[in-house]
Structures are given as C-alpha cells and as structure tokens.
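Go by the hints and put chain B onto chain A.
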Amino acid sequence: MTWMVVVAGLAVGTLVLRFAGVFLGSRLGLSPQAERGLALAATVMLCALVVSTTLSSAESGPSASHVHLARLGGVGCAGLLAWRNAPLWLVVVAAAVVTAGLRWAGL
Amino acid sequence: MRTLYKTERELLRQLGPVCVAYTLVGMSFGAVAASAGVPLYVPIVSSLTVFAGSAQFAALGIVLGGGGMIVATLTGLVINARLMGYGFAVSRALAGPSLKALLLTHLISDVNTALALQGHGRRWRRKALCLGGVLIFIVWNVATVAGVIVGRHLADMQALGLDAVLPAILFGLVRPALNDAATRRACLAGALIVLITRPWLPPGLPVIVSLLGLLAVPRLLRDRRSTP
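Those sequence lines, one after another, are chains A and B.
With my numbering, the residue at position 48 of the first sequence is 48, and numbering never jumps.
With my numbering, the residue at position 87 of the second sequence is 87, and numbering never jumps.
In isolation and in its complexed conformation, chain A is listed as follows:
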C-alpha cells in the first residue's frame, strides 16, 4: 500500500512538473532573450545538481550530512578533466577509478 501511494504520487507529480514547465513556456511565447535566460537558469540548476549529488549521501536518506571524501576526490579529478575538454568516456572512467581507488585506500 505504502509503495503504491509513493510510486503513484511521484509519477503523477513528476508528470505534472514536467508538463507545467513545457506548457508554461509554449504558452508564453518566449522571446529569444527570455529563452536564453531560461537556458542559463537550467544550466545553473544542472551545476547545482552536480555539487549536491557529489556531496550528498543518497543511500542514507535526508538526515545524513557527512561528505564522502573519496567521491569528492573522484568527481574533482573528473571535473578537472572535463574542464580541459577531455573526452566524456575518460571523465567517466576517471570518476569511477579514482573514487574506487581512494575508497580502497581507506578514505
């Protein structure tokens, strides 16, 4: 029962959120400038998501606030590579390998 409510609530709510954004945008008839501003806003949120998923501990729920140092190191290395325009596969491999290595070393 609990699960059904959560899945249904999330599914319907998420569909409404996605649809609301698209609907709003297509109704307002955005100027090219407004569209650029919105693209900037979405990019800011994507970057914010990068930071928050790097620092969060999703496995242990909202109360957990300690930072995984190994993950921070892995994402840091990967971020540096991406910043220097390294290919995406290298970015991915570096993130996993560095994080796993740091963890194996006991961090």
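Since the hints were made in silico from the structure, they are not lab data.
Given the structure is predicted, the values throughout are model-derived calculations rather than measurements.
For each residue, glycine too, the CB sits at the ideal point set by N, CA and C.
Heads up, a few of these hints could be off.
To be verified - In silico SDA-like cross-links for lysine to any residue, where the CA-CA straight-line distance does not exceed 25 Å:
#: 1; chain 1: B; residue 1: K127; chain 2: B; residue 2: L12
#: 2; chain 1: B; residue 1: K127; chain 2: A; residue 2: F23
#: 3; chain 1: B; residue 1: K100; chain 2: A; residue 2: L30
#: 4; chain 1: B; residue 1: K127; chain 2: A; residue 2: L28
#: 5; chain 1: B; residue 1: K127; chain 2: A; residue 2: S26
#: 6; chain 1: B; residue 1: K6; chain 2: B; residue 2: P176
#: 7; chain 1: B; residue 1: K127; chain 2: B; residue 2: L107
#: 8; chain 1: B; residue 1: K100; chain 2: A; residue 2: V16
#: 9; chain 1: B; residue 1: K6; chain 2: B; residue 2: A101
#: 10; chain 1: B; residue 1: K100; chain 2: A; residue 2: S26
#: 11; chain 1: B; residue 1: K127; chain 2: A; residue 2: G29
#: 12; chain 1: B; residue 1: K100; chain 2: B; residue 2: V71
#: 13; chain 1: B; residue 1: K100; chain 2: B; residue 2: N141
#: 14; chain 1: B; residue 1: K100; chain 2: B; residue 2: T49
#: 15; chain 1: B; residue 1: K100; chain 2: A; residue 2: L17
#: 16; chain 1: B; residue 1: K6; chain 2: A; residue 2: L90
#: 17; chain 1: B; residue 1: K127; chain 2: A; residue 2: W89
#: 18; chain 1: B; residue 1: K100; chain 2: B; residue 2: V134
#: 19; chain 1: B; residue 1: K127; chain 2: B; residue 2: A81
#: 20; chain 1: B; residue 1: K6; chain 2: B; residue 2: A81
#: 21; chain 1: B; residue 1: K127; chain 2: A; residue 2: V16
#: 22; chain 1: B; residue 1: K127; chain 2: A; residue 2: A86
#: 23; chain 1: B; residue 1: K100; chain 2: A; residue 2: A39
#: 24; chain 1: B; residue 1: K100; chain 2: A; residue 2: G13
Stated by the list, open to error - Among chain B residues calculated to face chain A with C-beta under 7 Å, some are:
#: 25; residue: Y86
#: 26; residue: G87
#: 27; residue: F88
#: 28; residue: S91
#: 29; residue: T113
#: 30; residue: A191
The following block gives chain B in isolation, referenced to the frame of chain A:
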C-alpha cells in the same frame, strides 16, 4: 549524407558513455530495491513512470528508513521540481500539441536537457531531447529490470566508485555551456549557494535556491556572445 547525420553522430558520441553509466546506476537501483525486499513492481514501475533517478533513489531510501510515504513522495517531488525549469527552458524545442511532444515531455531529464542546451538551434535541441531521452529511457528501464533480477549478487556500487559517475558525467555534459563567461559566473554563484544552504535545507531545495546565482549576472537579458 555525411552532413545529414552530423548532429546524430555528435549526440551519440556523447551518449555512449552516458548510457554505460546509466546502465550501471539503473542496475544498482533495481538491485538495491530487490535485495531490500521491496515488491518487485516498485522499482520497475517507478523507473517507467517517474523516470528520474535521484528522486527514485531518495524515495526508496526514505521509505526503507521508515520515513513514511508522505515524506518520501514530497521529497521526491521537491528533487524533481528542477524538471519544471528544464521543461520551461526547452519548451520551444518541444512545441506542438502532438502525442510525440507529450511523450517527449515525459522524457525530460538532466542528461537530455544538458545535451540540448549545448546548442542554440531548435533543430539541435529537439534532436538532443529525442535521441537522449529515448536512449536513456530504454537504458534506464532495461537496467532496472536487470538489477531486480540480479539482485543481491550485484557488486557494491560504492566500492566500484559508481556514485561519483553521475555528477561527473553531468558536469561533462554541462561543460560546453561554461565557455560563456556570464554562464560561468552564474553557475559558480549557484554552486556556492548549494554549499552554503545544503546543511540547512531538505534535499532538492538547494538546487532550486541555486537559481539565486542568476543575480550574479545583472545584465541577464543583455545580448551575450553565444557559443556554438
């Protein structure tokens, strides 16, 4: 012919590693749910109908931790509130009342939004949303089912460093947009806001509040030099 498929090839080049990463993360979602004794339809149906990994993981963790269904649902929805902003930003590329546009709306995600925002033209954006959305949707759902089947036999996601892969890949996809100085400034301000507010706000909200980083670009609406 060669130039005709240039957009698709460029998109696929980036989507290759993304698909590998999402396969592993999707499998771990299915495996975590299955080995925790959750009814098997839960991970599968939620991957199909919610299709937003971070909210799915968060809701699962909260219910398993005894946090209650209302908290789990609301937390998931707050985490997904950013999708409304994504939809708003790419709405022109999705325009049209067709069934296809409606289906594409369901496929809006971090990955295909980041891909779409790498370019400015409507054609690029639509193709990025389509190709990225459909591929990630297939990969995510097949991987969830595979994870449910493999269950507890799956190696630990943390030991393999997979938890670092998603933020890394998202940053890689956003990177081209950061060639623009104003975008860089707003994103840096937004990232700082997340660092400051993260300990005080429930999950998901810092990402929304990060929009205040836009204030770091006072002349937001003035013409900026665009990057290809």
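Results for each hint:
The hinted pair formed by K127 (chain B) and L12 (chain B) meets the criterion: a straight-line CA distance of about 11 Å does not exceed 25 Å. Note on K127 (chain B) and F23 (chain A): the hinted pairing holds, with a Cα-Cα distance of about 19 Å set against a maximum of 25 Å. Distance check on the hinted pair: K100 (chain B) and L30 (chain A) sit about 21 Å apart at the alpha-carbon level, within 25 Å; holds. For the hint pairing K127 (chain B) with L28 (chain A), the CA-to-CA distance comes to about 23 Å; that is within 25 Å, so the pair holds.
For the hint linking K127 (chain B) to S26 (chain A), the alpha-carbon distance of about 18 Å falls within 25 Å, and the restraint holds. Our distance criterion of 25 Å between C-alpha atoms is met by K6 (chain B) and P176 (chain B), whose separation comes to about 18 Å. As the CA atoms of K127 (chain B) and L107 (chain B) are separated by approximately 13 Å, the hinted pair is consistent with the 25 Å bound. A C-alpha spacing of about 17 Å is found between K100 (chain B) and V16 (chain A), which places the hinted pair at or below 25 Å, so the restraint holds.
A threshold of 25 Å between alpha carbons decides the hint, and for K6 (chain B) with A101 (chain B) the separation of about 23 Å falls inside it, so the pair holds. Proposed proximity of K100 (chain B) and S26 (chain A) is supported: the alpha carbons are some 15 Å apart, at most 25 Å. For the suggested pair K127 (chain B) and G29 (chain A), the alpha carbons sit about 21 Å apart, so the restraint of at most 25 Å is met. Straight-line distance between C-alpha atoms of K100 (chain B) and V71 (chain B) comes to about 33 Å, which puts the hinted pair past the 25 Å bound.
Among the hinted pairs, K100 (chain B) with N141 (chain B) is consistent with the structure: their alpha-carbon atoms are about 20 Å apart, no more than 25 Å. As the CA atoms of K100 (chain B) and T49 (chain B) are separated by approximately 16 Å, the hinted pair is consistent with the 25 Å bound. Proposed proximity of K100 (chain B) and L17 (chain A) is supported: the alpha carbons are some 18 Å apart, at most 25 Å. Proposed proximity of K6 (chain B) and L90 (chain A) is supported: the alpha carbons are some 22 Å apart, at most 25 Å.
The hinted pair formed by K127 (chain B) and W89 (chain A) meets the criterion: a straight-line CA distance of about 21 Å does not exceed 25 Å. Only pairs whose Cα atoms come within 25 Å are accepted, and K100 (chain B) paired with V134 (chain B) is accepted, the gap being roughly 12 Å. Taking the CA atoms of K127 (chain B) and A81 (chain B), the gap is near 24 Å; set against the 25 Å cutoff, the hint holds. A C-alpha spacing of about 33 Å is found between K6 (chain B) and A81 (chain B), which places the hinted pair above 25 Å, so the restraint is violated.
Distance restraint check for K127 (chain B) and V16 (chain A): the Cα-Cα separation of roughly 23 Å lies within the 25 Å cut-off, and the hinted pair is therefore satisfied. With a C-alpha separation of about 24 Å, the suggested pair K127 (chain B) and A86 (chain A) falls inside the 25 Å cut-off, and the hint holds. With a CA separation close to 22 Å, the supplied pair K100 (chain B) and A39 (chain A) stays within the 25 Å bound. Only pairs whose Cα atoms come within 25 Å are accepted, and K100 (chain B) paired with G13 (chain A) is accepted, the gap being roughly 20 Å.
Hint on Y86 (chain B) holds. Least Cβ distance to chain A is approximately 5 Å, under the 7 Å limit. Look at G87 (chain B): its Cβ gets to within about 3 Å of chain A, closer than 7 Å, so that hint holds up. Taking 7 Å as the C-beta contact cut-off toward chain A, the hint placing F88 (chain B) at the interface holds, the least distance being around 4 Å. Nearest Cβ of chain A to the Cβ of S91 (chain B): about 3 Å, under the 7 Å cut. The hint holds.
Because the smallest distance between the Cβ of T113 (chain B) and any Cβ of chain A comes to about 6 Å, under 7 Å, the interface hint for this residue holds. Of the supplied interface hints, the one on A191 (chain B) holds, with its beta-carbon coming within about 5 Å of a beta-carbon of chain A, less than 7 Å.
Violated hints, in rising order: 12 and 20; the structure is consistent with all others.
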